[in-house]
Amino acid sequence: MPKKEWIAMLLAGGQGSRLGVLTRHIAKPALAFGGKYRIIDFSLSNCSHSHIDTVGILTQYKPFLLNSYIGIGSAWDLDTSDGGVHILPPFVGEQGGRWYKGTANAIYENIDFINSYEPEFVLILSGDHIYNMNYEKMLDEHKAKGADVTVSAIQVPWEEASRFGIITTDPEGRIIKFSEKPVKPDSNLASMGIYIFKWKLLKEALQKDEARPGSENDFGKNILPMLLEEGKRLFSYDFQGYWKDVGTLESYYEANMELLHEEPGLNLYDREHPVYSTIPILPPQYIGPNAKVSNCLVANGCTILGEISNSVISTGVTIAEGAKVEHSILLPYTTVLEDARVYRAITGEKAVIKPHCILGTESRSDQRKSSIAVLADRAVCGGSRHA
Amino acid sequence: MEKMIGIISCNYGLEYPEGIGERRPLAAIPFAGRYQMLDFALSNMVNAGIRTVGIILPSNIRPVLDHLGAGKEWKLGRKEGGLVILQGSDSGIFPRSNGFLLRDLQKNTDYLENNAAEYVVLSNCSNVVNMDCRQAFLQHKKDGADITLIVKELIAEQEDEFGLIAVTDRSGWVLNFEQAKAKSGQSVQRFANMIIIKRRLLLDIIHGHKNIEYEDFMEILRIHASKLKIKTFSIPGYFGRIDSKQTYFQRSMEMLRPEIQKELFWGSRQILTRVRDRPPTKYGPISSVHDSLVSSGCLIHGTVSQSILFRGAVIEAGAQVINCIIMKNCRISRGAILENVIVTKNAMVHPDTVIKGRPDHVMVLNRDDGF
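Chains as they are written, first to last, in my numbering: chain W, 1 to 387; chain C, 1 to 371.
Because the hints were derived from the structure by calculation, they are not lab data. Check before you lean on any hint, since a few could be wrong.
[Unchecked claim] Pairs of lysine-lysine residues, derived as DSS-like cross-links and limited to a Cα-Cα distance of at most 25 Å, are as follows:
id, chain 1, residue 1, chain 2, residue 2
1, W, K137, W, K3
2, W, K350, C, K262
3, W, K292, C, K262
4, W, K244, W, K184
5, W, K244, W, K137
6, W, K177, W, K143
7, C, K79, C, K3
8, C, K79, C, K107
9, W, K221, W, K208
10, C, K262, W, K354
11, W, K177, W, K200
12, W, K324, C, K262
[As the list claims (entries may be wrong)] Below, a sample of chain C positions facing chain W; criterion: calculated Cβ distance under 10 Å:
id, residue
13, E73
14, M255
15, P258
16, F265
17, L272
18, R276
19, R278
20, P280
21, H290
22, L293
23, V294
24, Q306
By construction, the Cβ of each residue, glycine as well, lies at the ideal position given by its N, Cα and C atoms.
All chains should be modelled from the sequences, with the hints used to inform the complete structure.
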C-alpha cells in the first residue's frame, strides 16, 4: 500500500445512550441531523475537504445502518483506489478477540491497519460532532510547532466547562494540564476530541497504555495525561467556529434548532465547504395550496399540506392537510396525518402520527422548560383507531 | 431480460430559439426543480435493466457532460458498458428537428458494431415520461416485430402539425406513414421519439443509406414501411412533450398536480438525476409559499405561489413570485414582483422590478437581460 502523510481514524462505535430511543437501533453517528444529513457526514465531509483520502471508521454498536450508509465512501469522494473508507469492527485473531474497551484500545487493536499506510501522522476524530473544519490548518500548525500531539480545542461557556475535557496551556499554546470533566475547571478551553499524533509516538503510547493494569484505554483519561507526564510536546489548536457535541437529547434538539436562526453558527450554505451526504434521489418538496410554512428547514421529497413552524423537516416527510407541527424535528419519512398536532417533539424515522393525535405539549410561555417528546423510529402515535 | 443497449440523442434543440433553449440543447433544459430533460430518457432505460447507454452529444457539449459526470447516479459508472459518450454529427448548426438524424447514427456505427446486444432502444429527450420500457420490449418480442415505435395517444388541443405519424391497423401494426395535420379535439398517435429495433437491422438500415445522411430516421422507415414489420406501443400514463417555450411552461406547471407528481416521481421506477449536495431549503419567519415545487438549497423570505424553484434560488423579503419558474441560483430581490415569468440560471432580478407575462405568453429573463 502506498505511504501516506496522514490518515484519519474516526471513532464511530458510540451507543449514544443519552439520546434514548433515537439511538436504540442505530449507532449515534448514523442519527439523522439537520434535515438531510447524518451526524457522521460532518466529519467525513471535513476529511474530504481536508484532502484526507484514507479514513478508518471504528464501529461497534449496532453498525448495520451506519455501514450501509457509508458504503464505499463515494458520497464524500472517498472512494479512491489507493486509500478510501475502511470500516473497522472488532475482530478475532489467533489470540482470540474482544470488543473495543475504550477509544484508545480501538486504535490499538488496529495498529496493523494504520501500519500498512506507514503514515507520519494520524488524525483521531469522533463521529458524533457537528462542525465544519479544515484539518489541514491544524496539521500545518502541528508541524510548525514541532508538536508530538495537537489537540483541537474550543472556548466553551464557563458554566459548561465541567462537562468537557479541559485544557490549560502556557502562553505559547503548549498544554500544561489536561483534566477530564473537572469539578472546578481552571480554564474554559475544551478538548474537541480531535487529535493529531505523530504515528510512531502514538503507537508506543498505545502499547504502553494497553499493558497498564486498570487503564480505561481512553484518550482523554489515559493517553493524554500519560504523555503530558512524560514531558511530551502537547499543543492546543485554537478552533474558531461552530462546534457542537450532540451527545444528549437536549443538545441534539438545540443544535437542530440553531439551524433555524437567522445567521446560524453552522453555515450549511458555504459553497466552498458543502456538507456531503448519501440520500436517495427524491423530487423537490411540494408545498400545498393551503400549507403554511414559517421559519423551517425543509428537505427534498417532502409534501407539506398542513402548517409547520420553527421546525426541521427531514427528507421525505409528509404533513397532511389540517396537521400542525411546531418547534419539532421530524426525522426522515415521518408521516403526520390529518389534523394531528406535533409540539416540541422529535419523531424517529418512518414514525407515524395518526389523524387527530397530539404528540408533545402545546406551546406555553414556560415552553422552554417543558421536556421534549420523542417518538422512536417506525413508532406509531395514536394507536389503532382506524386500523 | 435480453441484452439491450440504449442510444439517447441529445443533438436537438427546442424548435424555437426563445431564451431557455438558446444556449442549451433540449436534453439539458432544467425541469421540475432538479432534473434535466435527459434524466427521463436515461432513467427509463436504466430502470428497464439496460446497462449500456450511448449518449450522442450536441454541439454544445458542456451542459450535458457536466450533468452526466461518469454516470454514477444512473448506475452507469461501470467496467463493462455503462455510460458511453458518442460524437454528434453536428458542429456549428443547431438542428431544430426532433427526430433522429441518420447522420448521427452513421457517425457511431462502431458503438453498434462492437456490442453483442441483440436489441437497441433509441430515444431523444423531448418527453417528460416515466414509462416501463420492459412492457414495450415484451410486446416487441411477443409480436415478432422488426421495429416498435413508442407512441402516445393524444387529443390535439388545437390545430396542430404533428409531422410524420404512423397509420396503423386496429392491432397497432403500421400500414404506412403520413404527414398529419390534426384538428382540435382529434385523437392522434403521436410519435414519442423512441424506437426498439434489432441491432443488426439498425446497422443494415444505416449501411443501406450511406449517401443520404441528412435524412431523418422516420423518413427512412416510411420508405421501408411495406417491407418491415413495424408495430406501435402506446404509453399508458402521463406523457409531456416539450417543443417550445410555451409547452415547456405548461409541462412544468403540470408538475404541481399531486397525481402527476405521484406517477412520475413516487412509483417503483425512480427518475434519477445528478446529486449536488445542497442543504435543505430555509423558509424565513414571514415567508408565504403555496402550491409550489421547491428544490433544495433555497432561501425564501418572500411570497411564492404556483411556482417552481430550482436549487439555490433566493426569494428576498417582500418579493412576490407568482406562476413562475425560477431556475438555479437566481436571486429575486426585495419588492420585485414576477408573474408568468421564467427566470433562467444565475439571473438576478433587482429590487422593486415588476415583470408580468401572460399565462399564454410567458416572459423569459436571462442573466444578461439586466433586470
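Evaluation of the provided hints:
1. Simply put, K137 of chain W and K3 of chain W have alpha-carbon atoms about 21 Å apart, close enough for the 25 Å limit, and the pair holds.
2. Among the hinted pairs, K350 of chain W with K262 of chain C is consistent with the structure: their alpha-carbon atoms are about 19 Å apart, no more than 25 Å.
3. Restraint check: the Cα-Cα separation between K292 of chain W and K262 of chain C comes to about 22 Å, which is no more than 25 Å; the hinted pair holds.
4. For the suggested pair K244 of chain W and K184 of chain W, the alpha carbons sit about 22 Å apart, so the restraint of at most 25 Å is met.
5. Between K244 of chain W and K137 of chain W the alpha-carbon distance is near 20 Å, which keeps this suggested pair within the 25 Å criterion.
6. Restraint check: the Cα-Cα separation between K177 of chain W and K143 of chain W comes to about 21 Å, which is no more than 25 Å; the hinted pair holds.
7. Among the hinted pairs, K79 of chain C with K3 of chain C is consistent with the structure: their alpha-carbon atoms are about 16 Å apart, no more than 25 Å.
8. Of the pairs offered as hints, the one joining K79 of chain C and K107 of chain C holds, with about 24 Å between alpha carbons and a cut-off of 25 Å not exceeded.
9. Between K221 of chain W and K208 of chain W, the direct Cα distance comes to roughly 14 Å. Compliance with the 25 Å bound is thereby established for this hinted pair.
10. For the given pair, K262 of chain C sits about 22 Å from K354 of chain W by alpha-carbon distance, which is consistent with the 25 Å threshold.
11. Note on K177 of chain W and K200 of chain W: the hinted pairing holds, with a Cα-Cα distance of about 23 Å set against a maximum of 25 Å.
12. Between K324 of chain W and K262 of chain C, the direct Cα distance comes to roughly 23 Å. Compliance with the 25 Å bound is thereby established for this hinted pair.
13. Annotation: interface hint on E73 of chain C holds; nearest CB of chain W at approximately 7 Å, less than 10 Å.
14. Residue-level restraint check for M255 of chain C holds (minimum Cβ-Cβ distance to chain W is 8 Å; threshold 10 Å).
15. Evaluation of the P258 of chain C hint against chain W yields a held restraint, the C-beta minimum of about 7 Å falling below 10 Å.
16. Look at F265 of chain C: its Cβ gets to within about 4 Å of chain W, closer than 10 Å, so that hint holds up.
17. The criterion of a C-beta within 10 Å of any C-beta in chain W is met by L272 of chain C, whose closest approach is roughly 5 Å, and the hint holds.
18. A cut of 10 Å between beta carbons decides the hint on R276 of chain C: the least distance to chain W is about 8 Å, and the hint holds.
19. Because the beta carbon of R278 of chain C sits about 8 Å from the nearest beta carbon in chain W, less than 10 Å, this interface hint is met.
20. A least Cβ separation of about 4 Å between P280 of chain C and chain W falls short of the 10 Å threshold, and the interface hint therefore holds.
21. At its closest, the beta carbon of H290 of chain C sits 5 Å from a beta carbon of chain W; the interface hint therefore holds under the 10 Å criterion.
22. For L293 of chain C, the suggested interface contact is upheld, since its CB lies about 5 Å from the closest CB of chain W, less than 10 Å.
23. Hint status for V294 of chain C relative to chain W: holds, with the closest Cβ pair at about 5 Å, below 10 Å.
24. A hinted interface residue such as Q306 of chain C counts as satisfied when its beta carbon comes closer than 10 Å to some beta carbon of chain W; here the least separation is about 9 Å, so the hint holds.
The structure meets every hint from the earlier list without exception.
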